[in-house]
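Trainee: Numbering (the working numbering), first residue to last: 351 to 579.
Heads up, a few of these hints could be off.
[As the list claims (entries may be wrong)] For each label pair, taking beta carbons as the anchor points, the in silico distance ranges come out as:
(1) A414 - K469: 36 to 46 Å
(2) E390 - L547: 22 to 32 Å
(3) E450 - L427: 15 to 25 Å
(4) I413 - L547: 39 to 49 Å
(5) T509 - D455: 19 to 29 Å
(6) G375 - D544: 15 to 25 Å
(7) A462 - R549: 35 to 45 Å
(8) G577 - N359: 16 to 26 Å
[Unchecked claim] Each computed DSS-like pair below joins lysine-lysine, with the alpha-carbon atoms no more than 30 Å apart:
(9) K369 - K535
(10) K469 - K389
(11) K574 - K469
(12) K574 - K369
(13) K389 - K535
(14) K382 - K469
Hints were generated in silico from the structure; no laboratory data involved. Beta carbons: idealized from backbone N, C-alpha and C, even for Gly.
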Amino acid sequence: MEHDAPRPNLAISAYRALKHDIIRGRYAPEEKLLMSRLKEYYGASTGPLREALSQLVADRLVIAISQRGYRVAPMSLAELNDIYDARAQLEGLILRLAIERGDDDWEANVLATAHRLAKVTEVSSPDELLDGWDLRHKAFHTAIASGCNSPHLLQMRDTLFDQVERYRHLWLKETVMSPQALEVKRQEHAALVDVILARDTEQAANLMRDHLMTPVPIITRVLKARGIH
């Protein structure tokens with residue numbers, strides 16, 4: 351059975367690469383994903399690519415067209431607003447529980463990830479920003495959420511995060527490309543840490559919602575400029 355072992359790894363690799371490229375805008379909304387081109391670009395055979403595409407359908411990043419292959423999922427202002435609102439609502443609940451349940455180790459982890467994020471003070475290239483700052487930013491928010499101690503809520507949070515990523519990437523490209531923008535975000539994160547460690551539930555929930563909803567007007571402008579309504 352050894353010859354079967356690499357197949358899941360090939361499917362996982364294809365899934366991660368395709369997901370990354372869809373989120374980063376390599377493929378336009380509703381663009382047809384031709385198997386011949388995918389095989390050539392990703393160096394994978396049909397089997398692993400079909401598995402990857404099936405998972406991306408489950409992630410709502412790709413839609414399957416009966417007997418006609420696959421397309422990138424559409425984007426819309428309605429979906430943008432719904433996903434961001436749902437994420438902010440869920441994150442507020444998780445934050446309240448984290449403040450209630452989080453222990454000293456949780457506080458230490460929040461502080462450590464906030465410190466690492468604040469260390470990113472300048473960006474030398476777009477790729478460094480998207481791969482470096484964003485990774486640390488996700489770690490910071492994940493550290494905060496982890497205090498809720500609810501695997502099911504955290505799984506729901508991960509699902510919403512994946513669905514919001516395509517939209518959020520448009521905001522990243524528009525705004526976080528300068529030291530000034532990074533400093534604004536650093537101040538927002540510092541304020542969040544202060545109220546979280548003070549266990550000020552209401553203020554923390556309000557700040558978190560404002561922080562999470564900041565990208566929506568900017569993404570709305572970008573989508574409208576692209577003719578997406």
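Trainee: If a hint holds in the structure, say so; if it doesn't, say that too.
Mentor: To see whether the hints hold, each was checked on the structure:
| no. | hint | in the structure |
| --- | --- | --- |
| 1 | A414 - K469: 36 to 46 Å | holds (43 Å) |
| 2 | E390 - L547: 22 to 32 Å | violated (52 Å) |
| 3 | E450 - L427: 15 to 25 Å | violated (35 Å) |
| 4 | I413 - L547: 39 to 49 Å | holds (43 Å) |
| 5 | T509 - D455: 19 to 29 Å | holds (26 Å) |
| 6 | G375 - D544: 15 to 25 Å | violated (35 Å) |
| 7 | A462 - R549: 35 to 45 Å | violated (19 Å) |
| 8 | G577 - N359: 16 to 26 Å | violated (39 Å) |
| 9 | K369 - K535 | holds (26 Å) |
| 10 | K469 - K389 | violated (40 Å) |
| 11 | K574 - K469 | violated (34 Å) |
| 12 | K574 - K369 | holds (24 Å) |
| 13 | K389 - K535 | violated (40 Å) |
| 14 | K382 - K469 | violated (41 Å) |
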